[in-house]
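Listed here are the chains, written in short residue letters.
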Amino acid sequence: GQQLNQSPQSMFIQEGEDVSMNCTSSSIFNTWLWYKQDPGEGPVLLIALYKAGELTSNGRLTAQFGITRKDSFLNISASIPSDVGIYFCAGRPPPGNQFYFGTGTSLTVIP
Amino acid sequence: SAVISQKPSRDICQRGTSLTIQCQVDSQVTMMFWYRQQPGQSLTLIATANQGSEATYESGFVIDKFPISRPNLTFSTLTVSNMSPEDSSIYLCSVARVGNTEAFFGQGTRLTVV
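From first to last, the protein sequence lines are chains A and B.
Residues in the first sequence are numbered consecutively from 788, following the working numbering.
Residues in the second sequence are numbered consecutively from 74, following the working numbering.
If you're looking for bench data, these hints aren't it; they were derived computationally from the structure.
One should not assume that every hint holds.
Pair ranges (Cβ atoms, derived) [unchecked claim]: (1) B:T185 / A:D825: 12 to 22 Å; (2) B:G113 / A:E804: 22 to 32 Å; (3) B:S100 / A:P881: 19 to 29 Å; (4) A:A839 / B:Q87: 16 to 26 Å; (5) B:E127 / A:D805: 46 to 56 Å; (6) A:P826 / B:I85: 13 to 23 Å; (7) A:V831 / B:S126: 43 to 53 Å; (8) B:T103 / A:A839: 39 to 49 Å.
Examples of chain A residues toward chain B, derived with CB under 8 Å [claimed, not checked]: (9) N809; (10) A835; (11) F860; (12) S864.
Ideal placement from N, C-alpha and C gives every residue a C-beta, glycine not left out.
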């Protein structure tokens with residue numbers, strides 16, 4: 788399957804700080820998705836991106852589909868304790884229908 | 074989004090046995106996928122469950138070990154065959170609708186093989 792590299796692997800931040808994480812691929816993608824996974828749960832979709840250069844927001848979350856179609860980033864502004872969890876990027880390469888996942892970023896928010 | 078129910082939610086199994094995991098969706102979807110998530114790791118795609126035909130497996134996964142059925146547009150099963158402790162993982166069902174622009178997940182099945 789596809790290899791997606793996500794960074795950073797983990798983050799420890801103070802409540803109120805902004806967070807940025809990114810995902811890169813060696814090949815182009817048609818769709819980028821960002822998920823959050825809490826312990827014992829399945830991943831929950833946060834944001835979906837469909838074309839190069841697209842910038843999409845969902846509350847305090849903002850994500851962008853890179854111009855090269857090989858990367859994406861997710862920003863979280865003014866972090867709060869409930870932002871704690873593992874964030875995954877996922878991408879769909881052409882021409883298939885499958886989604887492949889990044890390595891994950893573990894976020895800890897210190898009150 | 075879609076409501077996805079997976080059964081069982083967790084199980085502890087003896088090595089050498091097989092476990093069948095069920096995935097039921099509340100509406101018709103075009104794509105259904107099965108993923109494995111080993112402890113502390115990311116999600117790895119096992120296969121795409123195709124309705125009415127054999128599943129499409131990713132590199133490193135074979136039908137004899139992970140037989141998959143998809144009899145209709147709302148239901149699929151994944152069997153983990155001849156289990157060993159290395160099969161201890163969370164197995165997740167994922168679905169996508171027409172256009173396949175977004176994928177949604179069930180809660181997963183936590184499998185422990187002893």
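* Asked: Hint by hint, which ones does this structure get wrong, listed from lowest number up?
  -> 4, 7, 8, 9, 11, 12
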